[in-house]
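With chain Z fixed as given, assemble chain H onto it according to the hints.
Number of protein chains: 2
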Amino acid sequence: MNDFVLHGAVLYCENSSSMKEYEDAYVVCENGLCAGVFEELPEKYSDFPVEDYWDKLIIPGLTDLHTHAPQYTFRGLFGDMELLEWLNSATFPEEMQYDDPEYAEAAYDLFTEDLYIGATTRAVIFATKHTDSTLMLMDMLEDTGLVTYVGKVNMDRNTPDGCRETTEESLRETVRWLDCVEERGYERTMPILTPRFTPACSDRLMRELGELSAARSLPVQSHLSENLEEIRLVSELCPDSRFYGDTYEKAGLFGSNAPCVMAHCVWSGTEEQDLMKKNGVYIAHCPQSNMRLSSGVAPVSLYLDKGIHVGLGTDCSAGAELSLFSAMRDAVLASNMRWRLSDQNVRKLSFAEVFYMATLGGGSFFGKAGSFLPGYEFDAVVLDDENVQTMHPATPAERAERLMYLLDDRNVVGKYVRGTKLY
Amino acid sequence: MNDFVLHGAVLYCENSSSMKEYEDAYVVCENGLCAGVFEELPEKYSDFPVEDYWDKLIIPGLTDLHTHAPQYTFRGLFGDMELLEWLNSATFPEEMQYDDPEYAEAAYDLFTEDLYIGATTRAVIFATKHTDSTLMLMDMLEDTGLVTYVGKVNMDRNTPDGCRETTEESLRETVRWLDCVEERGYERTMPILTPRFTPACSDRLMRELGELSAARSLPVQSHLSENLEEIRLVSELCPDSRFYGDTYEKAGLFGSNAPCVMAHCVWSGTEEQDLMKKNGVYIAHCPQSNMRLSSGVAPVSLYLDKGIHVGLGTDCSAGAELSLFSAMRDAVLASNMRWRLSDQNVRKLSFAEVFYMATLGGGSFFGKAGSFLPGYEFDAVVLDDENVQTMHPATPAERAERLMYLLDDRNVVGKYVRGTKLY
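Residue numbers (numbering that gives the first Met the number 0), protein chains in the order written: chain Z, 0 to 422; chain H, 0 to 422.
This is chain Z alone, in the form it adopts within the complex (with noise of 0.2 angstroms):
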């Protein structure tokens, strides 16, 4: 049932600087695994079924890093302000009325049916405080055949009256929801602690949540250095860290105990950048967002040389798109005005680079997805350019760097998850 083979032409990354390409090739799907890409179709697999695409693009599935389902209602809004002043009077706001089923289910609704129809195969997400709701949209996204990672944000400081938990509620709240999800034995959700980021958590409430994190082997997610007023911010907060990250690392959240994703990392000092390479801490690149709020720009380039994790998060709705070809591109243009404005010593990103990190770079958040390098588990999302219409032809690389800028939901007409057909 999960073997079979699609036929098309054929993109893919097997590592950040280096792209493979088909014009014509079959990728093989051998028990929800990808067995390989290749050019004639070899023998052992002659009998599995063949879907034929003929000239649609097949690339592996993308994987959004970071985006915040509860403010999916105010997507491409409040786009006038910065981080903080963004939170209290937008985004506070609107996450409290998740404590309302009625209100979460409707919301999410919406916004799981906006992924399920994109290229996105897998995603990091965050919740809001509320239990219940959180576990609604997790029943949701498990529903859609996606994989996502979903985490109940804790936050016990600095945050108005209806955002706000005590520590021990907090706490008390996450390990009742940890328990529920263990229940409902999910197949492709799953939980990840949610610190919201340190001005909104406690010391006590960090270094809880690094110990449950250790105990249980439980992943991370939060935000890092992002914009200069929270760093100001939490060095006020925080005299006795020597950075931001480190605020994390004192917790046990910041990778040593299990996988974490940092959001933005727009303004990480070298301390930060060789604590996130020694402790393997993905990063998840959100340029709209970074531009949106006016938070700057990362210097991306110099964390994938250095072999630090570099995905793309869309961040939605500090970013206002929950595409990921979208945050291709402007990774793209954000890098080139780096470049431009501010430093010429951090290189402009490539389309390779960017196609990497929205496939395999936030890929191997989730272990071996994001290519179609043999062994990988089978996500594959098929693009109709049909209606791209030039005078010449382009090479699978060139007609997905043309979908960054032109790409809608009309031109993903196939969607694979670990296997699975979802369309």
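For the record, the hints were derived by calculation from the structure and aren't laboratory data.
One or more of the hints may lead you astray.
Remember, identical chains collapse to one label, so a pair may be satisfied in a single copy or spanning two.
Below are the SDA-like pairs computed for lysine to any residue, each with C-alpha atoms no more than 25 angstroms apart in a straight line [stated by the list, open to error]: (1) Lys55 / Asp408; (2) Lys276 / Asp23; (3) Lys347 / Glu84; (4) Lys276 / Phe47; (5) Lys347 / Leu227; (6) Lys367 / Leu340; (7) Lys55 / Met18; (8) Lys55 / Asp113; (9) Lys305 / Leu340; (10) Lys55 / Asp407; (11) Lys249 / Leu236; (12) Lys19 / Gly35; (13) Lys19 / Met80; (14) Lys43 / Asn157; (15) Lys43 / Thr269; (16) Lys276 / Thr419; (17) Lys347 / Arg231; (18) Lys347 / Trp85; (19) Lys19 / Lys305; (20) Lys305 / Ala89; (21) Lys305 / Asp79.
Quick look at chain H alone, frame taken from chain Z:
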């Protein structure tokens, strides 16, 4: 026949800083001109047929102040070069193809169709040096119902053989082109003199085009101060000019004889700005192009504050998208980055300002266009954003702001130009 009323939600600009928005209003077209926007339909228009768009959003038609029809065929590609390399390796080889009428017809058909289905109602367009295919483009644009300025390009130096003309040939073909245009008697397709840019035009060619502009009251379009290497090249080629814009001024091609639009102006100094202000030169701000080719970001809010005319250009295909909603988005994001990374003395652009630039700012290059103020030519676009589902009601301005990120051609459901309904 040109008397009618549109009913729906309405948004338009009166000037560069104020938007008028109505949840429910009537926009009246009388004899092809806008008679105003009314919350209740005045008695004197009660006999006019009403087209009811319910809660759809009605805005003035958008003006693309700078784009290149022959480059549409490679949109979205070659984004990793700077200007001069990009011209030589991507643009000039493509433009040579337009000597072949069959090629030109097929390629211009793709361009005009895309322009027709989007939210653009007016555009200022570069063709190529080829008189006959430029006339073919003008025929096709006339058929769309859009209002456009189109230019046969002049270039007699520093360009490859297949692109370059002799000075005599360039002038002779320009006159032949203008005579043919006059003969064809277009209603809405107008010629605009188009010296490509100073590096590609000899002093004599520029001077004689300036005389032609004065003699026949012909407007002018060109490029200005886009890229640092380009600016250095101009200062070498024209040692007697005080600044890049002065090379056009000396030739009578900088707004003193006739209306003039200059694309980019990323690096214009104070003297150049002052002369543009004095001469009423229009700036076509092309943010995606300027980010893709790593040119930089123009200080647009400074230009607006000085009272210089500024509109938006897609600059296809240095910019990959022909949508002015995308250009609005990119103008906001680019201005945020400029503010964050380079110069906090020049403030960020607001949504009101980018909406102004896409409507009235650029529209006024055509006279009274780009607003629903009384007496303006009736260009309107109807947007259906029902697919943008959220949990909250949004104002007309918020709905338009959201569409900067989310619009595609499906959202454009009605289009009127000079009081005529196109669809």
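Results for each hint:
Within a single copy, Lys55 and Asp408 get their C-alpha atoms as close as 15 angstroms, and across copies as close as 22 angstroms, so both meet the 25 angstroms cut-off. Neither within a single protomer nor between protomers do Lys276 and Asp23 lie at most 25 angstroms apart by alpha-carbon distance, with minima of 38 angstroms and 56 angstroms respectively. In this assembly of identical chains, the alpha carbons of Lys347 and Glu84 lie at most 25 angstroms apart only when taken from different copies (16 angstroms versus 30 angstroms within one copy). With identical chains, the CA atoms of Lys276 and Phe47 are never at most 25 angstroms apart, being 42 angstroms at best within one copy and 69 angstroms at best between copies.
Proximity of Lys347 and Leu227 under a CA criterion of 25 angstroms is satisfied in both settings, with 23 angstroms inside one chain copy and 17 angstroms between copies. With identical chains, the CA atoms of Lys367 and Leu340 are never at most 25 angstroms apart, being 37 angstroms at best within one copy and 37 angstroms at best between copies. In the homo-oligomer, the alpha carbons of Lys55 and Met18 lie at most 25 angstroms apart inside one protomer (18 angstroms), although the nearest pairing across protomers, at 44 angstroms, exceeds that limit. With identical chains, the CA atoms of Lys55 and Asp113 are at most 25 angstroms apart both within one copy (22 angstroms) and between copies (22 angstroms).
Proximity of Lys305 to Leu340 under the C-alpha cut-off of 25 angstroms is found in both arrangements, the shortest distances being 23 angstroms within a copy and 23 angstroms between copies. In the homo-oligomer, the alpha carbons of Lys55 and Asp407 lie at most 25 angstroms apart both inside one protomer (15 angstroms) and across protomers (21 angstroms), since each shortest distance falls under that limit. Taking the closest pair of Cα atoms, Lys249 and Leu236 come within 25 angstroms of each other only inside a single copy of the chain (14 angstroms); across copies the shortest separation is 61 angstroms, beyond that limit. In this homomeric assembly, Lys19 and Gly35 come within 25 angstroms of each other (Cα to Cα) only inside a single copy, at 12 angstroms, whereas the closest approach across copies is 58 angstroms.
Taking the shortest Cα distances, Lys19 and Met80 sit within 25 angstroms of each other only across copies (22 angstroms), while inside one copy they are farther apart (41 angstroms). Proximity of Lys43 to Asn157 under the C-alpha cut-off of 25 angstroms is found in neither arrangement, the shortest distances being 61 angstroms within a copy and 59 angstroms between copies. Within a single copy, Lys43 and Thr269 get their C-alpha atoms no closer than 50 angstroms, and across copies no closer than 71 angstroms, so neither meets the 25 angstroms cut-off. Neither within a single protomer nor between protomers do Lys276 and Thr419 lie at most 25 angstroms apart by alpha-carbon distance, with minima of 34 angstroms and 62 angstroms respectively.
Taking the shortest Cα distances, Lys347 and Arg231 sit within 25 angstroms of each other only across copies (23 angstroms), while inside one copy they are farther apart (28 angstroms). In this homomeric assembly, Lys347 and Trp85 come within 25 angstroms of each other (Cα to Cα) only across copies, at 16 angstroms, whereas the closest approach inside a single copy is 29 angstroms. Within a single copy, Lys19 and Lys305 get their C-alpha atoms as close as 23 angstroms, which meets the 25 angstroms cut-off; across copies the closest is 51 angstroms, which misses it. Neither within a single protomer nor between protomers do Lys305 and Ala89 lie at most 25 angstroms apart by alpha-carbon distance, with minima of 36 angstroms and 33 angstroms respectively.
Proximity of Lys305 and Asp79 under a CA criterion of 25 angstroms is satisfied inter-copy only: 22 angstroms between copies versus 33 angstroms inside one chain copy.
Comparing the model with each numbered hint stated earlier shows that hints 2, 4, 6, 14, 15, 16, 20 do not hold.
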